[in-house]
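**Student:** Single-letter residue listing:
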Amino acid sequence: MKKEIDFIKLIKEDKNALVNKEGLKPLFELAEAIRLETKPLTKAYVEKSLCEIEMRIFNSEELSTYLSFIYYSKLDTDTLLNKIIASLKTTFLSNTTEDSVCRGLLVRFIIERKPDIYSIQSLFKESSIREKASWIWIDCLSHYSFSLVIKEITTHINEESALKNLIVRIPTFLKKFGKDDLRIAIVEWYANIENFRSRAILDNWAKNLNIKVGMSISAEALINNVPFFQNSLMQHG
Amino acid sequence: MSKYDEYLKCKCCQDILSSEYGQVIKNIIDDDETYITESMKIDLFLYLARHDGISDMMQYWDDFFDHPKGKDLSEKTYLLKGRIIDNSIYNKKLGRVSSLTGFMRSLKTALSKITVPISDFDDEAFTEIFFIEPEDISNTSSQLFIDYANDTGILNFKIQQHPMWTFEGLDDEDVYKGIKKIKDLPCILGLPGPFRTSSDYNKIPRITFSFFVPKYIIVRKPTSFDAGYMPVWCGGGKAKAHKECQSDYTEFLFEEYIHEPVLYKNITSQLIKI
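Residue numbers (this note's numbering), protein chains in the order written: chain X, 21 to 257; chain G, 116 to 389.
Bear in mind the hints are in silico, worked out from the structure with no lab data behind them.
Where a beta carbon is used, it is the ideal one built from N, C-alpha and C, also for glycine.
One thing to keep in mind: the hints can contain errors.
Claimed, not checked - With beta-carbon atoms standing in for the labels, derived distance ranges:
(1) Leu168(X) to Pro183(G): 44 to 54 angstroms
(2) Lys199(X) to Lys292(G): 29 to 39 angstroms
(3) Thr111(X) to Tyr205(G): 47 to 57 angstroms
(4) Asn224(X) to Ile252(G): 15 to 25 angstroms
(5) Ile169(G) to Thr97(X): 27 to 37 angstroms
(6) Ile105(X) to Ser362(G): 48 to 58 angstroms
(7) Pro249(G) to Thr117(X): 43 to 53 angstroms
(8) Cys125(G) to Leu108(X): 44 to 54 angstroms
(9) Glu248(G) to Asn228(X): 14 to 24 angstroms
(10) Leu108(X) to Tyr205(G): 25 to 35 angstroms
(11) Glu288(G) to Gly198(X): 33 to 43 angstroms
(12) Tyr164(X) to Ile169(G): 47 to 57 angstroms
(13) Asn224(X) to Ser189(G): 32 to 42 angstroms
Said to hold, decoys possible - Facing chain X, according to a computed beta carbon distance under 10 angstroms, are these residues of chain G, among others:
(14) Asp201
(15) Val231
(16) Thr242
(17) Phe245
(18) Glu248
(19) Gly268
(20) Gly351
All chains should be built: construct the whole structure from the sequences, respecting the hints.
**Tutor:** Here is the structure:
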């Protein structure tokens with residue numbers, strides 16, 4: 021048990037423990053051991069320790085590592101989730117980007133596990149996350165409605181780094197919503213992308229995933245007389 | 116009896132010697148002093164003598180080898196000091212086995228420099244698209260992950276932050292040729308379990324891939340200092356298989372190497388689940 025106590029102490033007391041990337045290796049070795057139950061320690065003990073750690077003020081990088089540690093250790097118990105939900109009433113309330121990202125990470129962590137205890141209405145009230153940490157907010161939204169996700173991403177699609185953020189999420193969207201819905205989404209985004217190179221990248225991804233876009237889909241759309249595809253067709257022409 | 120006996124009298128060293136980690140001290144004593152010199156070994160033993168008897172031993176060892184902290188790998192005092200391998204290594208594909216979580220963590224660290232990273236919760240989705248079973252090597256493309264790395268902007272990022280342990284296959288072009296079951300790799304390579312011993316070595320989800328080492332990276336033989344607090348390692352330059360697979364494979368089948376991490380763009384195969 022001593023090893024675990026030391027480790028928890030390390031995370032609590034060493035400001036750099038959660039941000040030093042090289043130093044994270046042992047942290048995740050511990051997480052692996054807890055997950056595989058090769059260490060004789062009780063979940064209740066770690067739960068209590070993690071709650072103590074949580075008393076510290078986190079920055080977004082630390083918070084992200086902390087949540088990863090919980091995830092990889094499979095320690096995301098109801099007790100911890102309830103504590104995190106309660107903490108939203110008092111922490112990360114300012115409108116700064118850093119607070120919005122932290123708050124977004126916590127909300128995402130909750131929704132991923134229990135979308136039923138956090139309503140979509142509550143998510144829409146999180147305007148600072150939506151404005152300052154828009155891709156995290158989109159991740160949250162994806163647990164409720166893909167059609168809303170499609171629309172939200174469309175509003176950001178021409179922003180700097182938007183395509184990179186979208187590509188990063190393609191595996192998730194594919195798993196969550198399936199090829200047919202992703203196809204509809206890609207056509208919509210494709211039609212709204214202004215940059216030729218970005219459009220080519222998205223087109224390549226559609227091909228990688230065996231999803232038809234471009235002329236063929238535009239032609240298909242024309243036959244079906246779906247108005248928003250016309251934009252795609254015109255840009256292609 | 117060894118010339119280091121007087122340094123090994125401390126309680127810390129004695130505790131290690133009498134534990135399942137005792138092999139790490141023996142490895143250090145036996146290691147070639149052309150590369151890990153007597154004074155380097157004494158540095159470590161004196162450091163161990165200063166252990167407070169309370170703090171985590173694994174972390175304590177890691178701290179020693181991480182010296183000086185915060186510096187690049189090329190500036191570390193004790194790591195990557197083994198024999199340099201000749202230039203022919205750059206004409207071969209090498210193999211790497213990584214824990215799945217370690218690979219994902221490094222990937223997300225790289226992605227976080229460019230994008231807003233996805234949640235850990237989405238690892239499974241990533242795994243489903245990019246990680247293949249060994250039997251699918253011939254009917255899938257190795258380009259898919261490279262496209263992902265390229266389009267998300269991480270192609271020129273290092274695939275991890277710590278030194279990279281790698282192995283040479285039996286064929287220069289195809290690392291996996293001649294291996295009866297790719298899923299046996301953790302056993303053939305004698306990889307450690309969660310606490311760096313042989314216990315539970317097969318419980319860790321892992322992946323493997325092949326890659327080229329770019330010529331600016333020096334490839335070396337690992338030393339006892341590179342292995343650190345990892346008793347499954349043994350010297351001699353070849354990976355030592357676990358007992359369970361020694362009947363199917365030679366005990367020392369693959370040449371093993373260590374070097375600074377390569378970049379995502381150096382990967383030449385699919386990411387294969389093992």
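**Student:** Checked against the structure, which of the hints given earlier come out wrong?
**Tutor:** Hints 10, 14, 18 and 20 are the ones this structure does not satisfy, whereas the remaining hints hold.
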